[in-house]
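A.B. asks: For the record, the sequence lines run as chains A and B.
By the UniProt record's numbering, the letter at position 124 of the first sequence is numbered 124, and the numbering carries on one by one without gaps.
By the UniProt record's numbering, the letter at position 21 of the second sequence is numbered 21, and the numbering carries on one by one without gaps.
Read the hints as simulated data drawn from the structure, not as lab findings.
There could be a bad hint or two in this list.
As the list makes no split between identical chains, a pair holds if one copy fits it or if it spans any two.
No more than 25 Å apart at the CA atoms, straight line, and that leaves these computed lysine to any residue pairs for SDA-like [said to hold, decoys possible]:
#, residue 1, residue 2
1, 242, 115
2, 329, 424
3, 242, 218
4, 63, 441
5, 361, 299
6, 422, 333
7, 361, 382
8, 10, 426
9, 206, 92
10, 295, 324
11, 155, 180
12, 10, 382
13, 155, 240
14, 10, 262
15, 401, 8
16, 264, 329
17, 123, 331
18, 295, 213
19, 123, 288
2 protein chains.
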Amino acid sequence: MNANNIQELKAIVGSQWVATEKEDLICYGYDATPGFFNLPEAVVQPGSKEEVAAILKLANREKFPVYTRGSGTNLSAGSVPAQGGVVLSTARMNKIFAIDPENWTAVVEPGVIVSELNAAVEKYGLIYPPDPGTVTTASIGGTVAENSGGLRGLKYGVTKHYVTGVEVALADGSVVEYGGGNVKAPGYDMVMLFTGSEGTLGVLTKITVRLVPAPVTRRSMIATFADLAGAGRSIAEIISNKIIPATLEIMDNYTIRTVESFAKLGLPVEAEAIILAEVDGDADTVEADAVKMEKILRENGGEVRVANSAQERDQIWAARRAALPSLAKLRPSTFCEDATVPRDKVPDMVRIVTEIAARNKVEIGTFGHAGDGNLHPTIVTDLRDAAEMERVYAAMDEIFKTALRLGGTLSGEHGIGLGKLKYMPDQFGAEGMAVMRSIKLALDPNNILNPGKLVGEVH
Amino acid sequence: MNANNIQELKAIVGSQWVATEKEDLICYGYDATPGFFNLPEAVVQPGSKEEVAAILKLANREKFPVYTRGSGTNLSAGSVPAQGGVVLSTARMNKIFAIDPENWTAVVEPGVIVSELNAAVEKYGLIYPPDPGTVTTASIGGTVAENSGGLRGLKYGVTKHYVTGVEVALADGSVVEYGGGNVKAPGYDMVMLFTGSEGTLGVLTKITVRLVPAPVTRRSMIATFADLAGAGRSIAEIISNKIIPATLEIMDNYTIRTVESFAKLGLPVEAEAIILAEVDGDADTVEADAVKMEKILRENGGEVRVANSAQERDQIWAARRAALPSLAKLRPSTFCEDATVPRDKVPDMVRIVTEIAARNKVEIGTFGHAGDGNLHPTIVTDLRDAAEMERVYAAMDEIFKTALRLGGTLSGEHGIGLGKLKYMPDQFGAEGMAVMRSIKLALDPNNILNPGKLVGEVH
Numbered sequence: 001m002n003a004n005n006i007q008e009l010k011a012i013v014g015s016q017w018v019a020t021e022k023e024d025l026i027c028y029g030y031d032a033t034p035g036f037f038n039l040p041e042a043v044v045q046p047g048s049k050e051e052v053a054a055i056l057k058l059a060n061r062e063k064f065p066v067y068t069r070g071s072g073t074n075l076s077a078g079s080v081p082a083q084g085g086v087v088l089s090t091a092r093m094n095k096i097f098a099i100d101p102e103n104w105t106a107v108v109e110p111g112v113i114v115s116e117l118n119a120a121v122e123k124y125g126l127i128y129p130p131d132p133g134t135v136t137t138a139s140i141g142g143t144v145a146e147n148s149g150g151l152r153g154l155k156y157g158v159t160k161h162y163v164t165g166v167e168v169a170l171a172d173g174s175v176v177e178y179g180g181g182n183v184k185a186p187g188y189d190m191v192m193l194f195t196g197s198e199g200t201l202g203v204l205t206k207i208t209v210r211l212v213p214a215p216v217t218r219r220s221m222i223a224t225f226a227d228l229a230g231a232g233r234s235i236a237e238i239i240s241n242k243i244i245p246a247t248l249e250i251m252d253n254y255t256i257r258t259v260e261s262f263a264k265l266g267l268p269v270e271a272e273a274i275i276l277a278e279v280d281g282d283a284d285t286v287e288a289d290a291v292k293m294e295k296i297l298r299e300n301g302g303e304v305r306v307a308n309s310a311q312e313r314d315q316i317w318a319a320r321r322a323a324l325p326s327l328a329k330l331r332p333s334t335f336c337e338d339a340t341v342p343r344d345k346v347p348d349m350v351r352i353v354t355e356i357a358a359r360n361k362v363e364i365g366t367f368g369h370a371g372d373g374n375l376h377p378t379i380v381t382d383l384r385d386a387a388e389m390e391r392v393y394a395a396m397d398e399i400f401k402t403a404l405r406l407g408g409t410l411s412g413e414h415g416i417g418l419g420k421l422k423y424m425p426d427q428f429g430a431e432g433m434a435v436m437r438s439i440k441l442a443l444d445p446n447n448i449l450n451p452g453k454l455v456g457e458v459h
Numbered sequence: 001m002n003a004n005n006i007q008e009l010k011a012i013v014g015s016q017w018v019a020t021e022k023e024d025l026i027c028y029g030y031d032a033t034p035g036f037f038n039l040p041e042a043v044v045q046p047g048s049k050e051e052v053a054a055i056l057k058l059a060n061r062e063k064f065p066v067y068t069r070g071s072g073t074n075l076s077a078g079s080v081p082a083q084g085g086v087v088l089s090t091a092r093m094n095k096i097f098a099i100d101p102e103n104w105t106a107v108v109e110p111g112v113i114v115s116e117l118n119a120a121v122e123k124y125g126l127i128y129p130p131d132p133g134t135v136t137t138a139s140i141g142g143t144v145a146e147n148s149g150g151l152r153g154l155k156y157g158v159t160k161h162y163v164t165g166v167e168v169a170l171a172d173g174s175v176v177e178y179g180g181g182n183v184k185a186p187g188y189d190m191v192m193l194f195t196g197s198e199g200t201l202g203v204l205t206k207i208t209v210r211l212v213p214a215p216v217t218r219r220s221m222i223a224t225f226a227d228l229a230g231a232g233r234s235i236a237e238i239i240s241n242k243i244i245p246a247t248l249e250i251m252d253n254y255t256i257r258t259v260e261s262f263a264k265l266g267l268p269v270e271a272e273a274i275i276l277a278e279v280d281g282d283a284d285t286v287e288a289d290a291v292k293m294e295k296i297l298r299e300n301g302g303e304v305r306v307a308n309s310a311q312e313r314d315q316i317w318a319a320r321r322a323a324l325p326s327l328a329k330l331r332p333s334t335f336c337e338d339a340t341v342p343r344d345k346v347p348d349m350v351r352i353v354t355e356i357a358a359r360n361k362v363e364i365g366t367f368g369h370a371g372d373g374n375l376h377p378t379i380v381t382d383l384r385d386a387a388e389m390e391r392v393y394a395a396m397d398e399i400f401k402t403a404l405r406l407g408g409t410l411s412g413e414h415g416i417g418l419g420k421l422k423y424m425p426d427q428f429g430a431e432g433m434a435v436m437r438s439i440k441l442a443l444d445p446n447n448i449l450n451p452g453k454l455v456g457e458v459h
């Protein structure tokens, strides 16, 4: 980039929306992933799709990289400006254009915060189900680009199950629109192609999502297991009894001990695992499912506590929500991964991760979404300790290769970014990667959009 | 194609699986869409993915078209070999590889018939929800390629909501695999890109689908409306009361009269519309929703009959199932379209289609999936009557343009194929089409896969 480029950016968005001072740039040089940092050359904050399109047209002509950034909560270095260029922040594009309570849809700009959309649709008795841990800070655009999940994924699915329309500014500065309020639509599924594409194919400028009725009621419980196998059998039996909890979470012993030492919630520090579960829906179904689920948990050795008030429910979920923050307090650096395995492999995966931690002499707490196999082995370490970091990366290699060996995937909800890029050929093979790269090149021939991420280098 | 090509095809699959006699070719020259016919040069029936890959490699080298064909039930001329070349039938690739009752998945070859999969998973208390009208004849591969819907779409969604993994032979003869049993996966969503791509990007050789628990019970009802507006209000109120019927269908007066004259089911031939609905799920929810739904239908002027036995239920659905066959008996040619509009525009669309029929002096019966706005305006006519056909095509133009004007889409579940190709730029614009064509060219640079369909000519 040269001084002219900066001037042109200022002409597009107004000079107050272009930052080039080092103290500003530093804030946009990293995201929530440890170990990745690089200064961008400028940060630009467009206020409309026309401005986004003009920025891309300029970048495409001058061939500088554009890194779209929502709230920077990314856990796979997906929003780090690794090759310089411009960070395009969607923070100003935060309008809710429309909520349609008849057709259960909402149309939003990418910078709307997920929890703000939920607050806005609540009065119609509707919810937008995807609820990543960062729901109060993450932008919808970021969650669509990363296909984020969350605690309710087992019953409600992930972000892709709710996106029905996208307006996208492409690398050449044209703006296209696919889908809309209809669930059914013909043509290549461009809506799904852009969803989860991690900012490598275009910049989302408008998103249409599907809403669903809020559940009438819900029931939460927590079960303590002396042995992991009992927790595993419980998960299998809950599902095989055709109960679909909204949330079905697991925490391993390391995580339990860590949460307890910080949050003092009275968790059983000797337990090998705890399961936290919630069923929601109509009153009768919830009641029946909760009774069945409690019985299954007990029969498999679980000590069960059912929440009998909103306060007791909050206590249960406070324990789950404390998992990542508590682990993060242990050491200076936290790698929260999201290796995903088939549901019936969850106990194997938890056990193997514990073995990997011991073998490599690193500290790993594992918790996560047992119901859909999406675990969060969380490595706590210190980036400044080179010897330990070598063991951390070795452990990470083993974790991801184990997930794939068990029939799983590299990422359930955090994306690939740069963090997991090197494992991609293990999952997709050379030919599978080549096809994805051919799509990247078809849509972004100059490789200006989040270059080097997800599909790696394409030239 | 030359004689050598035919010999090479025989070498790949065995000579008994290559047909070149005219009487064989004729059977593969058309599908269920009137007005489209062309002879292929050969029909080839591979028995494995290796054979499919070898056929594509040959076709790519020799640059002849390949038209993948399931059971030929397509309603948009998607499987017609319009430019000669080879029809690739998946009929022999009909193995169910695996059913996993723990993880609720099934892995099948593309030639498996949809109802056969349902029969195979029934004993585990599971269902595969997509149920196009052709469920007993359509192949899973065809329904994935077309992203087929069906009667249960409102609650259960369409085929794309159940496909979690695909193995695909590409134009160059390589075989790639994306997704699998996990709902969560990183990378470009290639599974969704191939789903609904109408055979233009690759040939499906293996498909993984998600299964769901069979509903415990269900309740059906039929409601007769003297005026269409009452039916429309009912649909809106059912949804705004947060009831999600598995099935919520509408039939207009023309369809009612036609069904009654053929099937003698005691339908009210004076009614402007009937609504047929079914709620399914747990016993208590079904009971509560059925009571609420009946009340809404009555309050809006509906005369309601609730099925109190399996036999009465069958009677209700026999009326709906008789719609297309009855209309098809009226005249020699039947165009069953699937223009889709937002749910709240269904009454407008039904009324406008009736006006279009009158204005163009053609006969149109409209029925379909009111709950998701996916209607089937069905034009009955005679292809041999050139003057009438001119009016038919004029009416079709008006129908599709009306659907788009009301915020809808060209196709809810039948695909674009050749039948609706000319309307695609109206929905996607020149730039939207260009992006889809760039993806087609990235994956199929020689344009051998179902050329000319869905995205039109690409060179």
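A.B. asks: All hints are to be evaluated individually against the structure, with a verdict given for each.
C.D. replies: Now for the hints, and whether the structure bears them out:
| no. | hint | in the structure |
| --- | --- | --- |
| 1 | 242 to 115 | between (30 Å within a copy, 22 Å between copies) |
| 2 | 329 to 424 | neither (30 Å within a copy, 55 Å between copies) |
| 3 | 242 to 218 | both (17 Å within a copy, 17 Å between copies) |
| 4 | 63 to 441 | both (14 Å within a copy, 24 Å between copies) |
| 5 | 361 to 299 | neither (35 Å within a copy, 70 Å between copies) |
| 6 | 422 to 333 | within (21 Å within a copy, 57 Å between copies) |
| 7 | 361 to 382 | within (13 Å within a copy, 78 Å between copies) |
| 8 | 10 to 426 | neither (43 Å within a copy, 36 Å between copies) |
| 9 | 206 to 92 | within (13 Å within a copy, 45 Å between copies) |
| 10 | 295 to 324 | neither (29 Å within a copy, 49 Å between copies) |
| 11 | 155 to 180 | both (24 Å within a copy, 19 Å between copies) |
| 12 | 10 to 382 | neither (40 Å within a copy, 63 Å between copies) |
| 13 | 155 to 240 | both (14 Å within a copy, 22 Å between copies) |
| 14 | 10 to 262 | neither (47 Å within a copy, 71 Å between copies) |
| 15 | 401 to 8 | neither (46 Å within a copy, 41 Å between copies) |
| 16 | 264 to 329 | within (15 Å within a copy, 74 Å between copies) |
| 17 | 123 to 331 | neither (42 Å within a copy, 51 Å between copies) |
| 18 | 295 to 213 | between (29 Å within a copy, 20 Å between copies) |
| 19 | 123 to 288 | between (28 Å within a copy, 23 Å between copies) |
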